[in-house]
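Starting from the known structure of chain A, arrange chains B, C, D and E on it as the hints suggest.
Here is how the chains run, residue by residue.
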Amino acid sequence: MNTPRVKEILSWYGSDNPGTLTNLARLMNHGKLGGTGRLVILPVDQGFEHGPARSFAANPPGYDPRYHFELAIESGCNAYAAPLGFIEAAARDFAGEIPLILKINNHDVLLDEKDPLSALTSGVEDALRLGCVAIGFTIYPGSAERVTMYQQLRQAAALAKHNGLAVVVWSYPRGSSLSKSGETAMDVCGYAAHIAAELGAHIIKVKLPSDQLEQKAARDVYEKEKVPIATLTERVKHVVQCTFNGRRIVIFSGGATVSDETVFQEVQAIHDGGGFGSIIGRNSFQRKKEQALQFLGRIISIYGN
Amino acid sequence: MNTPRVKEILSWYGSDNPGTLTNLARLMNHGKLGGTGRLVILPVDQGFEHGPARSFAANPPGYDPRYHFELAIESGCNAYAAPLGFIEAAARDFAGEIPLILKINNHDVLLDEKDPLSALTSGVEDALRLGCVAIGFTIYPGSAERVTMYQQLRQAAALAKHNGLAVVVWSYPRGSSLSKSGETAMDVCGYAAHIAAELGAHIIKVKLPSDQLEQKAARDVYEKEKVPIATLTERVKHVVQCTFNGRRIVIFSGGATVSDETVFQEVQAIHDGGGFGSIIGRNSFQRKKEQALQFLGRIISIYGN
Amino acid sequence: MNTPRVKEILSWYGSDNPGTLTNLARLMNHGKLGGTGRLVILPVDQGFEHGPARSFAANPPGYDPRYHFELAIESGCNAYAAPLGFIEAAARDFAGEIPLILKINNHDVLLDEKDPLSALTSGVEDALRLGCVAIGFTIYPGSAERVTMYQQLRQAAALAKHNGLAVVVWSYPRGSSLSKSGETAMDVCGYAAHIAAELGAHIIKVKLPSDQLEQKAARDVYEKEKVPIATLTERVKHVVQCTFNGRRIVIFSGGATVSDETVFQEVQAIHDGGGFGSIIGRNSFQRKKEQALQFLGRIISIYGN
Amino acid sequence: MNTPRVKEILSWYGSDNPGTLTNLARLMNHGKLGGTGRLVILPVDQGFEHGPARSFAANPPGYDPRYHFELAIESGCNAYAAPLGFIEAAARDFAGEIPLILKINNHDVLLDEKDPLSALTSGVEDALRLGCVAIGFTIYPGSAERVTMYQQLRQAAALAKHNGLAVVVWSYPRGSSLSKSGETAMDVCGYAAHIAAELGAHIIKVKLPSDQLEQKAARDVYEKEKVPIATLTERVKHVVQCTFNGRRIVIFSGGATVSDETVFQEVQAIHDGGGFGSIIGRNSFQRKKEQALQFLGRIISIYGN
Amino acid sequence: MNTPRVKEILSWYGSDNPGTLTNLARLMNHGKLGGTGRLVILPVDQGFEHGPARSFAANPPGYDPRYHFELAIESGCNAYAAPLGFIEAAARDFAGEIPLILKINNHDVLLDEKDPLSALTSGVEDALRLGCVAIGFTIYPGSAERVTMYQQLRQAAALAKHNGLAVVVWSYPRGSSLSKSGETAMDVCGYAAHIAAELGAHIIKVKLPSDQLEQKAARDVYEKEKVPIATLTERVKHVVQCTFNGRRIVIFSGGATVSDETVFQEVQAIHDGGGFGSIIGRNSFQRKKEQALQFLGRIISIYGN
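Protein chains in written order, with this note's numbering: chain A, 42 to 346; chain B, 42 to 346; chain C, 42 to 346; chain D, 42 to 346; chain E, 42 to 346.
With the rest of the complex left out, here is chain A (with noise of 0.2 Å):
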């Protein structure tokens, strides 16, 4: 039975059919974090994102498909979210035994373009075929191509919508008018994580900010309302205050490999900010699969707490 967490998180989504609740659910009860109302999600889109050998050689098990959906049934995360060929290839073999994300739209860099678009790679028939409980899509706040994108996520989100199904969205913002590190400053993250909700993403997903302020008209307002945004746990209470006043689920990536010591740290924040969860790639499946349960262990036990 849905914990009350669970059911008032579902409460918030009162434009949705049931066949959507449903599938949240699954989503918020699987795992060891089942029924607390926070994720962990183990997404493997960097093969394709980055490519192989940045991805896998490091632990290269994970060159294998199967191994990432061990991973993630093993450790006890949520879900597990990864582009067609990688569900594709295990989907069979692990029927039932873990929720699965379709990463419907994709983006290599053997092209460095300034401002990116993803391809769709595929679809909502694909999610049903295969058994997943959401679709996951990529917007990029800021690129020159973002009007395709949130085009093709409102195409997508609908018809996910209308079949009972979840919608994540990863909003990353990049593209021409925005420096690097503007990228994750703390207006232009609550600015993209805002956007995602609008588009109407049950779950969003967006990077740890900094305390950068990036736009002027942005930064004016932060300093004259004296937002609090010293501490990266008052980033992400904020981060929360943008998607809908903590009535959508928001969760964080865990970006490029870092010390053990600051994935925790940042996971404490987020928990103690009232962040939803963590989706964690690379730091989880480039260490040995042991580790790799140890350290996601301890993530979720954070969580759990």
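Among the hints, erroneous ones may be present.
With a straight-line Cα cutoff of 27 Å, these simulated DSS-like cross-link-like pairs (lysine-lysine) come out [what the hints assert, rightly or not]: (1) C:Lys265 with B:Lys221; (2) B:Lys48 with B:Lys278; (3) E:Lys257 with A:Lys155; (4) D:Lys73 with E:Lys257; (5) C:Lys221 with C:Lys248; (6) E:Lys265 with A:Lys329; (7) D:Lys330 with E:Lys257; (8) A:Lys221 with E:Lys257; (9) A:Lys248 with E:Lys48.
To give an idea of the chain A side of the interface with chain C (calculated C-beta under 8 Å), a few residues [said to hold, decoys possible]: (10) Gly55; (11) Ser56; (12) Asn58; (13) Pro59.
It should be emphasised that the hints constitute simulated quantities derived from the structure, not laboratory data. Because the structure is a prediction, the values reported are computed rather than measured. The C-beta atom is built at its ideal place from N, Cα and C for all residues, glycine as well.
Relative to the frame of chain A, chains B, C, D and E by itself:
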């Protein structure tokens, strides 16, 4: 993780996509019998099929659609099956708490026809928007209207499988050329189960057969080949044989209210004969909830041994 | 703002989208009974169903389609229901002044068949272009044609719900296997109401039941379980029970012209039994407007207490 | 490479696309008779058509859908034909090992009607997703329902040909205006074969005709023109003549179990009369596998000479 | 019957239907390498891609589309791949004699653009009507037009899989941000192979990689993790690793004409590195047929050992 038995059962459905396998796994992994490959399902379509007072007057809380969700959840059943209205009336409240089977065709008894035809009352789109794992469909082999029903089933089943849902078929012989007792005759019951399997059902529900042999051509074969059908256990074994030699899930209905001991003996015979479980409506919801929980608990414990 | 009672009623429709809830709220919030959760609706399909002279000769202004809009508006009814032609003829003139229910199937009596089938005479597209809050649909449980009607309703209701409309079902038992008095027998009426609810109706309209019990199998249960049906209030209570234990809006038709006092007593019984209101055609529009306003005012005041 | 005989046979199908020719070639090139232009096909639809016990009790391994794939493969048949369920249950396990014919309509004998109509139980989409080379379809010339069946065949055949599949038609005269023995009368059988050819069948399956002449108008011509039909070989020749003078593949069914010697003599007559082969179900799968392999081996060797 | 190796390879494609598995089996079971799991495919799209004289002047019989069917058949290749016109021109003549791969997009060099985009020149419907086992599709990772190509592939692949066809992807890095030699750099080749796999390809064709490392971020990882890429065998091993750790069929193209000994050494390296085979066009059809048969025979014998 799926148990070896669940994995074995899933391996029988090699032409289905991972989505359908996922929903079959959800059905087999939920409730007290989760992982055993045995199923106890609560069906409540009797309000439509027999009328509300005949169904619920004996235990008036059953008039409330929420009651049956609660009974199915609390008793630890694998799933709850009902027509559109009963599912719509509570699917949001219990989203994700119990696998749902949407019974997409229904028949009432305000007209007493010899060759019955159920009406399509909902469909695959509804099953998806309501978060169901399967559609349920009744066929009446023996009815002059059977061609219409088989063809409706074929269309609904193809769409369900395409969208990753499972298909549960109630196969109840009836019609002008069958005697009343012939409806549950051994040969007729085995034939009806086989037809459902040939029509592509993942799960087949039949009534427990008697030792009667209805059709002469069949009787000659049963006698010549000395097919053992003297005991209920033997007859269950034969039904299992008739559904692809045990490679399709076949479950048995409880029928009208009888003494509890009779039910438990029947369940023991289903268990011993290799049947996969029971779908028990009236015998469970037509008594007070506490007693129903005890009753279902006893049945589940027989299957669990 | 919606009253607590309106909010409570809307909460029963958890599988419907906010569009459908909005239209249900419009119905419940309009007119003198706005916010009470009680409804009085003016239906004028008798011209089609019984012929114009039988319907309007007693009060000739009723031949004019504008008359009924005015009557519904001025009397403070919650809504006005009629077939395509009557709605088309005045929808522009009264746009936004009264919630409209488009009766999308109709039956005439130029042919007297034993097993009636209504014709689809309009549809959801018409309801949208005409600004209606709901479609209305008649089923005849007991008719040999019922399968066709149930399937037509299923398709229209699915489309209506998808487009944010409400669905009102007139459930009138008729057909070759029912006696004339059996059409309003308690068991038959409760069964018909339940079927409409299972078919996904938001609002169900039935005739007031008599204390007759038509079908033997049902009679046995009513007697064994001592279901109280002696008084009209008790019978209304039972119909409410049969429609998901009060979690669906069920309203009652006035039927043929009877004395006003009889109508008021019936309304009082509906009120006391927990029925949600009345749909009163002939008794209101077959008298002069001033008298009709008095008559409807009295009914509304009974519900308003 | 195709043999001259296979090339010659393919040349008769000049209005079919290379996809359909490819699948016809696959049929003719597989198994021990590969390349000879002769065919022996294993059909197992008797579970649906006659009931499971009547079909499989004599050799219980036949209840298992894998058994028939194995029998068809090991015996060196050209193809295996079965309804949806039996194909779905093992198509993944034997992918690519034997050409498959999906029998897309089926009939059961739980209702004994005079004018039979098979139900559409699967379709071209299923044949494609299951990797079949052809669809199979039964028509009952002589049945009052034949128009429905011819029209269903027309639609399925057009779609099959568009998608590069072959069409196999079982043409079995039955119906209220034919005597039992008339169903296999020479004139009726030749007529049924011709109808199938005119409906666009690539491969036609009929029963072996007797020397009876059923219809007077036909009998007059047979007698006047002295059509030789005294021996089985002559009758086979005449059926071949009736199917476009040998420019369509026509094969013959084995019918109920008879003595092996009778079967072999019939096969010799088919061979000598220029028939293209046999489709033998019950006579092969209703005996132990080893004996079935011997039996089919003998038949194949007759055709191979 | 499928060999254990073919069965093992098919088991990697658990999300595909039996139809697609059947066509993959046909590919693997045809020709001299049938059953080994190794493939040699003859591709002839150079007429479109480079111009007819550049392609066929060296061996003028190659201007005739029948020549290549004959070469593929006589040499014992597993399959023949070509654009629409070449297939249409001879598919009827060789129906069923060789598995066909319809190359559904093509690019010419009459315009020399930096960021190439192939045109869709045929589709899944054509593949079905022509009797093909697969569609072939070229992507140019690194091209500014890659998003368009990935999305076209996604649509064609989804349709192909739905209809039981296999999908072969030529993944050739090209574009304004890659150096010429970088197109076959180890990191770029492995990345391109992985992208094709993630896009859902069943069979992936890449060029043999050099030991160059093109992208700095990748080079850092290769060096840090000491990925062995010194020998061609090691590089083939790494490409196999990059395509789901060996769980996708990856084959290598011959490229421009080089000395035969070089080709044989490359083939030996592919064999030793666990590559699945070769797709060899120009090196085979740009010499006289007899020599081509000897040449292909030698390659096949290397794989066959």
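> Can you name, in rising order, the numbers of the hints this structure does not satisfy?
Replying inline: The structure breaks hints 4, 7 and 9; every other hint is satisfied.
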